[in-house]
Amino acid sequence: MKKKSRILLIVALILSLTITACGKTTNEGEKQPEKQPETPVEQKNEVIEVSTVSASDQYLKFDEGESFEKNSVYDAYEKDIGVKLTNKWVSADDVQFKEKVKMSIASNDLPDFMKVNATQLKELTEADMIMDITDVYDKNATDETKKFLSMDGGMQLKTATFDGKLMGIPSSYNPYQYQFLYVRTDWLKKLNLPEPKTMADLLTIAEAFKTKDPGGTGKPYGIVISKDPFNNQSTAVTGLIAFLNSYHAYENLWMEDGNGNLVNSDIQPQVKDALKALQEMFKKGLIDPEFVVKDVEKAAELLYNNNAGIVYGQSWVPAQLAKGAVKDGKVVQEWGVFPIPSVDSEPALSQIGLGVDEYYVISKQAKHPEGVIKLLNHWIVVDNHPTPEQKVYEYGKDLKEKGNNYWLLSPLRVGKQKDNNGEILPKAIENKDESILETKDQKTRYERAMKYVDGTDINMWWEYLISGPKGAYSLVPEIQNNKQYLQNKFYGAPTPTMADRQEILKKKRDEVYFKIMMNQVSVDEFDKFVEEWKKLGGDEMTKEVNEWYATHKQ
Amino acid sequence: MNVLTRMWKREWPLHLMLVPGIVLVLIFSYIPMAGIMMAFQKYVPNKGLFGSPFIGLKNLQLLMDYPDIGRIFFNTVYIAVMKIVAGMIVPVTIAILLNELRKEWVKRTFQTLVYLPHFLSWVLLSGILIDVLSPSSGILNQVLGLFGIDPIFFLGDNKWFPYVMVISDVWKEFGFGTIVYLAALTSINPSLYEAAEIDGAGRFKQTLHVTLPGMLPIIVLMFTLSIGNVLNAGFDQIFNLYSPPVYESADIIDTFVYRMGIEQAQFGFATAVGLLKSVISFIFVSMSYILAYRVANYRIF
Amino acid sequence: MRTNRSFGRKLFLICNFIFLASVSLLCLMPIIHILALSFSSGQAASAGKVILWPVEFTTAAYANVFGKPEYLRAFWVSIQRVLMGTTISMFLTIITAYPLSKDSRQFRLRTFYSWFFVFTILFSGGLIPNYLTVKNLGMLDTIWALVLPGAVTVFNVILLLNFYRSLPKELEESSLLDGAGQFTTLWKIYVPLSLPALATTGLFTMVGHWNSWFDGMIYMNHPENYPLQTFLQTIIIKMDFRFIKPERAELMIKLSDRTSRAAQIFVAAFPILIVYPFLQRFFIKGIVMGSVKE
Chain A
1 MKKKSRILLI VALILSLTIT ACGKTTNEGE KQPEKQPETP VEQKNEVIEV
51 STVSASDQYL KFDEGESFEK NSVYDAYEKD IGVKLTNKWV SADDVQFKEK
101 VKMSIASNDL PDFMKVNATQ LKELTEADMI MDITDVYDKN ATDETKKFLS
151 MDGGMQLKTA TFDGKLMGIP SSYNPYQYQF LYVRTDWLKK LNLPEPKTMA
201 DLLTIAEAFK TKDPGGTGKP YGIVISKDPF NNQSTAVTGL IAFLNSYHAY
251 ENLWMEDGNG NLVNSDIQPQ VKDALKALQE MFKKGLIDPE FVVKDVEKAA
301 ELLYNNNAGI VYGQSWVPAQ LAKGAVKDGK VVQEWGVFPI PSVDSEPALS
351 QIGLGVDEYY VISKQAKHPE GVIKLLNHWI VVDNHPTPEQ KVYEYGKDLK
401 EKGNNYWLLS PLRVGKQKDN NGEILPKAIE NKDESILETK DQKTRYERAM
451 KYVDGTDINM WWEYLISGPK GAYSLVPEIQ NNKQYLQNKF YGAPTPTMAD
501 RQEILKKKRD EVYFKIMMNQ VSVDEFDKFV EEWKKLGGDE MTKEVNEWYA
551 THKQ
Chain B
1 MNVLTRMWKR EWPLHLMLVP GIVLVLIFSY IPMAGIMMAF QKYVPNKGLF
51 GSPFIGLKNL QLLMDYPDIG RIFFNTVYIA VMKIVAGMIV PVTIAILLNE
101 LRKEWVKRTF QTLVYLPHFL SWVLLSGILI DVLSPSSGIL NQVLGLFGID
151 PIFFLGDNKW FPYVMVISDV WKEFGFGTIV YLAALTSINP SLYEAAEIDG
201 AGRFKQTLHV TLPGMLPIIV LMFTLSIGNV LNAGFDQIFN LYSPPVYESA
251 DIIDTFVYRM GIEQAQFGFA TAVGLLKSVI SFIFVSMSYI LAYRVANYRI
301 F
Chain C
1 MRTNRSFGRK LFLICNFIFL ASVSLLCLMP IIHILALSFS SGQAASAGKV
51 ILWPVEFTTA AYANVFGKPE YLRAFWVSIQ RVLMGTTISM FLTIITAYPL
101 SKDSRQFRLR TFYSWFFVFT ILFSGGLIPN YLTVKNLGML DTIWALVLPG
151 AVTVFNVILL LNFYRSLPKE LEESSLLDGA GQFTTLWKIY VPLSLPALAT
201 TGLFTMVGHW NSWFDGMIYM NHPENYPLQT FLQTIIIKMD FRFIKPERAE
251 LMIKLSDRTS RAAQIFVAAF PILIVYPFLQ RFFIKGIVMG SVKE
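Residue numbers (the numbering used here), protein chains in the order written: chain A, 1 to 554; chain B, 1 to 301; chain C, 1 to 294.
Among the hints, a few may not be true.
As the list claims (entries may be wrong) - Below, in silico cross-link-like pairs of lysine to aspartate or glutamate (EDC-like), each with a Cα-Cα straight-line distance of 20 Å or less: (1) C:K135 / A:D109; (2) B:K42 / A:E69; (3) A:K327 / A:E301; (4) C:K68 / A:E126; (5) A:K543 / A:E532; (6) A:K534 / B:E197; (7) C:K10 / B:D65.
To be verified - With beta-carbon atoms standing in for the labels, derived distance ranges: (8) C:L177 / B:F73: 52 to 62 Å; (9) B:G48 / C:Q106: 24 to 34 Å; (10) B:P213 / C:K10: 54 to 64 Å; (11) C:T59 / B:K47: 52 to 62 Å; (12) C:S174 / B:W105: 35 to 45 Å; (13) A:E207 / B:E248: 26 to 36 Å; (14) C:F214 / B:R10: 36 to 46 Å; (15) B:I55 / C:F214: 25 to 35 Å.
Claimed, not checked - Away from chain A, derived, C-beta distances all over 12 Å, residues of chain B: (16) M38; (17) F73; (18) L133; (19) V295.
Worth flagging that the hints you see were computed from the coordinates, not collected in a lab. Built from N, CA and C at the ideal position, the CB exists for glycine as well.
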């Protein structure tokens with residue numbers, strides 16, 4: 001008996017150890033062998049291998065037999081510019097992509113190039129893990145590329161430059177995305193109110209909506225906000241940053257004080273005015289007290305259900321409003337879009353970002369950095385003026401629209417820093433004139449809007465509100481031409497005090513903003529907050545920002 | 001054969017049995033534990049663990065210098081302790097009550113049902129909780145209204161928030177403990193109950209003198225293990241439900257570390273906080289273990 | 001026995017039943033709500049109209065979940081992981097708990113070993129060192145990365161060793177006296193008697209493996225290797241308008257964040273909910289019925 005059980009255990013032990021060892025060896029065999037790098041030659045005939053990492057996407061639908069290992073887009077890159085793409089890993093989606101990037105950095109396992117955020121860009125530069133690409137870019141980027149990436153005057157490239165060295169390619173997009181005011185125009189008509197041109201107008205409208213309850217729900221409110229209304233990332237709709245802008249106040253913006261120095265917008269007196277107005281609105285019941293626990297979707301319910309008819313948001317908000325505005329093929333709510341009103345005779349300036357918060361960086365170990373620049377050049381070409389064959393980059397090998405979103409496969413994508421949608425689209429749609437459409441985006445939008453106009457698809461109501469004659473885009477040219485926007489004057493990586501103290505400064509700020517808004521403390525608490533802010537590191541931070549500014553003034 | 005050889009003859013199979021477990025734990029827990037060094041370093045990925053500069057207690061200093069440190073520590077411990085205590089009393093009680101049910105299938109059904117909330121994530125549950133607790137349309141406030149009580153904004157009020165966290169968390173997780181305690185209950189020797197009944201004890205007395213003592217080892221065990229969580233107030237839950245008006249009572253260590261992580265990628269800092277938590281857990285678990293041993297001669301593990 | 005029940009006892013039984021039924025109902029309601037959400041249209045869900053019954057019934061959320069071919073592959077990875085992981089874990093739990101259940105006189109060093117294991121649940125090196133270890137062992141992108149690192153669940157070991165301790169010492173004595181070794185004693189006697197504990201720990205292990213998604217994300221590099229939950233974490237409808245085609249926009253209206261998540265939870269929880277009642281059987285078994293003469 002003893003012998004049997006002994007043998008049993010020994011077998012079990014051996015098994016468990018073998019299993020561990022097995023796992024190791026079979027995997028060694030499966031690991032892809034490192035390809036020997038070709039000698040870098042400028043000729044297109046030589047194929048150079050470049051590794052990266054990608055994010056899978058639920059909208060990306062592979063053609064039959066294709067995958068991240070082999071697909072028509074990667075083949076096209078190899079054929080057209082001699083760059084063979086491989087992926088070190090592919091994440092399940094964009095959010096997980098960011099987590100895995102963090103792991104790759106932390107474990108010092110970088111592919112040849114990958115997309116990182118601004119903080120990581122700084123971290124990698126300091127740790128000397130990525131390449132200085134000033135020369136590589138200069139030598140290999142085409143003139144078109146260089147022009148394309150400096151449409152905004154070179155600001156975005158500047159944010160990627162440290163000590164005069166270009167450390168990454170900005171994954172740029174259009175920074176001129178403004179906030180607008182959306183109001184129920186059918187209610188305005190019902191209550192005989194004028195369209196909002198000033199802040200006073202808006203407040204009157206909000207009050208009327210509350211007291212007269214045009215939605216007939218018995219639970220009316222004025223304006224809809226969600227739980228994080230001052231956070232830049234999440235206030236594409238139901239935010240309050242635009243409200244602040246109406247009062248010439250801004251959220252965490254470094255602005256000129258008139259004497260050549262930068263100050264932070266969070267502690268400026270204009271904020272106090274805006275907060276006071278919000279407090280008044282809250283006292284009158286114009287703001288749902290439960291907004292603090294509602295995320296955007298939940299807060300938006302008030303809009304869908306006719307409880308409220310005012311909300312701030314970006315140009316694509318109508319697509320969200322559509323959930324409540326269009327029912328069973330019929331438009332049941334009428335919305336209008338207006339520029340942000342101002343509290344006085346000075347026009348309100350829309351607070352905008354820089355148009356870039358991610359960068360493509362090249363690892364110091366990369367053997368063919370010029371391959372990355374080639375990808376950049378090629379993308380700009382095929383995205384903006386593709387030949388018929390080059391449509392493969394957008395549609396895959398069938399070269400026509402199938403809804404598979406193959407453009408997601410291109411690992412290095414940059415967007416246009418400026419667009420003229422506002423000049424072209426409203427006119428085209430009003431006059432039903434296709435000929436003036438220039439870009440692919442405009443053509444797509446035109447098509448959608450026309451489906452609404454000629455009645456084939458009423459659900460496209462939202463595109464009409466964005467691109468049509470009275471849509472959000474139509475308001476853009478005036479804002480743009482009159483420069484009614486304000487950008488952050490500080491665009492460097494976080495300073496030391498900023499890194500340590502930004503969190504508590506934001507926390508204290510949010511606490512006091514909310515308490516004032518919800519009428520839990522008097523508006524004079526703001527002054528106490530300003531003092532605290534300065535002491536908790538705000539002054540130190542301001543000093544550091546100005547040191548930076550002194551060397552970066554344009 | 002002398003005593004030692006006899007002992008060895010008897011013991012060696014036991015040592016052998018432990019080998020696989022020890023090997024795995026060495027590889028996957030002890031070797032990575034070297035990473036604790038990061039708590040004292042300014043970790044640079046390409047320099048690795050052994051090349052990154054040593055900065056001593058600076059990471060911990062960042063935590064200690066935090067102006068709200070007292071507040072977040074208090075909140076963390078307050079909420080965590082309540083969760084530990086309630087998280088024991090409730091499952092034990094429910095397990096005992098379930099055991100009293102006469103019909104097996106009823107017992108089994110209820111047992112299955114109470115484990116269900118465990119499968120829901122806080123992301124989804126928070127949506128439900130917000131609805132239920134809403135001062136304007138939530139069921140709870142409507143019920144309170146029947147008793148003439150004014151609506152309370154539970155999730156927006158510092159007085160109520162911690163308790164909402166504890167109660168909802170206990171509701172979500174008590175099913176787990178109930179399973180453990182029920183399993184413990186069923187392994188109590190039935191003859192003990194018979195003996196007690198013969199002695200004239202009613203059901204309630206039996207519960208006091210047979211059931212509870214029979215469950216005591218497991219109760220003490222669960223308590224010791226959960227006491228290690230004294231600094232884990234429940235990030236997932238609080239993160240999904242808190243907001244600036246309740247920062248005062250809701251902000252815990254983990255939410256603070258999370259917000260810091262947004263502003264900067266600081267590996268050392270997160271590790272330092274983790275280390276602090278581990279040390280405190282270790283102290284509490286040890287104290288509990290030693291107490292059980294000294295007082296009841298019971299080794300929890 | 002029935003006739004001996006006092007009035008007080010009867011009252012208690014009724015109240016107890018009502019109380020427990022209410023508690024169970026309270027636990028069930030949110031599940032029903034989420035089930036209803038998963039079958040409702042995005043519009044109805046967004047409008048907050050769904051309570052306990054689907055509004056504007058649609059299977060769009062489920063179609064979205066099942067519509068991806070990766071789904072089946074991920075499902076299989078999870079099944080593999082649950083089966084392998086639970087087997088290995090349970091085996092390790094049993095052979096680790098048994099020696100630790102002996103007391104110091106029979107097995108010196110047992111306390112040392114105990115603390116050796118417990119220490120690992122109190123202290124951890126953190127995510128990065130764990131990742132590096134798995135990587136250096138060449139286990140990335142393999143099922144072993146999901147199954148081995150957590151194979152020794154110390155909590156389960158402690159539970160089981162306590163159960164073993166509660167069994168009478170005479171069992172071991174008589175077994176050894178009969179000439180059986182420790183191994184035989186363990187497998188032939190202790191294991192069968194600890195079925196409730198094994199069922200409990202087995203269930204927790206299975207649930208743990210089935211639900212875990214974070215390690216799948218970190219240790220796997222290609223979509224074919226992701227377990228189900230890692231894959232399901234992704235099904236969030238992002239309102240990203242760079243690629244809203246008319247067909248897609250319709251889908252947007254039908255779906256919403258909430259209905260997708262609801263369907264996701266159901267698909268994820270369903271298998272476990274099926275298995276759970278079967279394991280229930282073992283919890284109720286009584287044990288040690290005078291098998292050893294005092």
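Here is how each hint holds up against the structure:
The hinted pair formed by K135 of chain C and D109 of chain A meets the criterion: a straight-line CA distance of about 11 Å does not exceed 20 Å. For the hint pairing K42 of chain B with E69 of chain A, the CA-to-CA distance comes to about 38 Å; that exceeds 20 Å, so the pair is violated. Distance hint between K327 of chain A and E301 of chain A is fulfilled; the C-alpha atoms sit about 15 Å from each other, no more than 20 Å. Simply put, K68 of chain C and E126 of chain A have alpha-carbon atoms about 42 Å apart, too far for the 20 Å limit, and the pair is violated.
With a CA separation close to 16 Å, the supplied pair K543 of chain A and E532 of chain A stays within the 20 Å bound. Straight-line distance between C-alpha atoms of K534 of chain A and E197 of chain B comes to about 73 Å, which puts the hinted pair past the 20 Å bound. Using a Cα cut-off of 20 Å, the hinted pair K10 of chain C and D65 of chain B is violated, with the two alpha carbons roughly 61 Å apart. The hint said 52 to 62 Å for the Cβ distance between L177 of chain C and F73 of chain B, and at roughly 57 Å that hint holds.
For G48 of chain B and Q106 of chain C, the Cβ-Cβ distance of about 45 Å falls outside the hinted range of 24 to 34 Å, so the restraint is violated. The given range of 54 to 64 Å is broken by P213 of chain B and K10 of chain C, whose C-beta atoms sit roughly 27 Å from each other. Distance hint check for T59 of chain C and K47 of chain B: the Cβ-Cβ separation is about 53 Å, which falls inside the suggested range of 52 to 62 Å. For the hinted restraint 35 to 45 Å between S174 of chain C and W105 of chain B, the CB-CB distance of approximately 37 Å keeps it satisfied.
For the pair E207 of chain A and E248 of chain B, the supplied restraint of 26 to 36 Å holds, since their beta-carbon distance comes to about 32 Å. Judged by the Cβ atoms, the range 36 to 46 Å given for F214 of chain C and R10 of chain B holds: they are separated by roughly 43 Å. The hint said 25 to 35 Å for the Cβ distance between I55 of chain B and F214 of chain C, and at roughly 29 Å that hint holds. For M38 of chain B, the condition that its CB be more than 12 Å from all CB atoms of chain A is violated, with the nearest at approximately 10 Å.
Once the 12 Å rule is applied to beta carbons, F73 of chain B is consistent with being away from chain A; the minimum gap is 15 Å. Distance to chain A contradicts L133 of chain B as a non-interface residue, since its nearest Cβ pair spans about 8 Å, not more than 12 Å. Distance check for V295 of chain B against chain A: the nearest CB is about 37 Å away, which clears 12 Å, and the non-interface claim stands.
Figure legend: structure checked against the earlier numbered hints; hints not met, in rising order: 2, 4, 6, 7, 9, 10, 16, 18.
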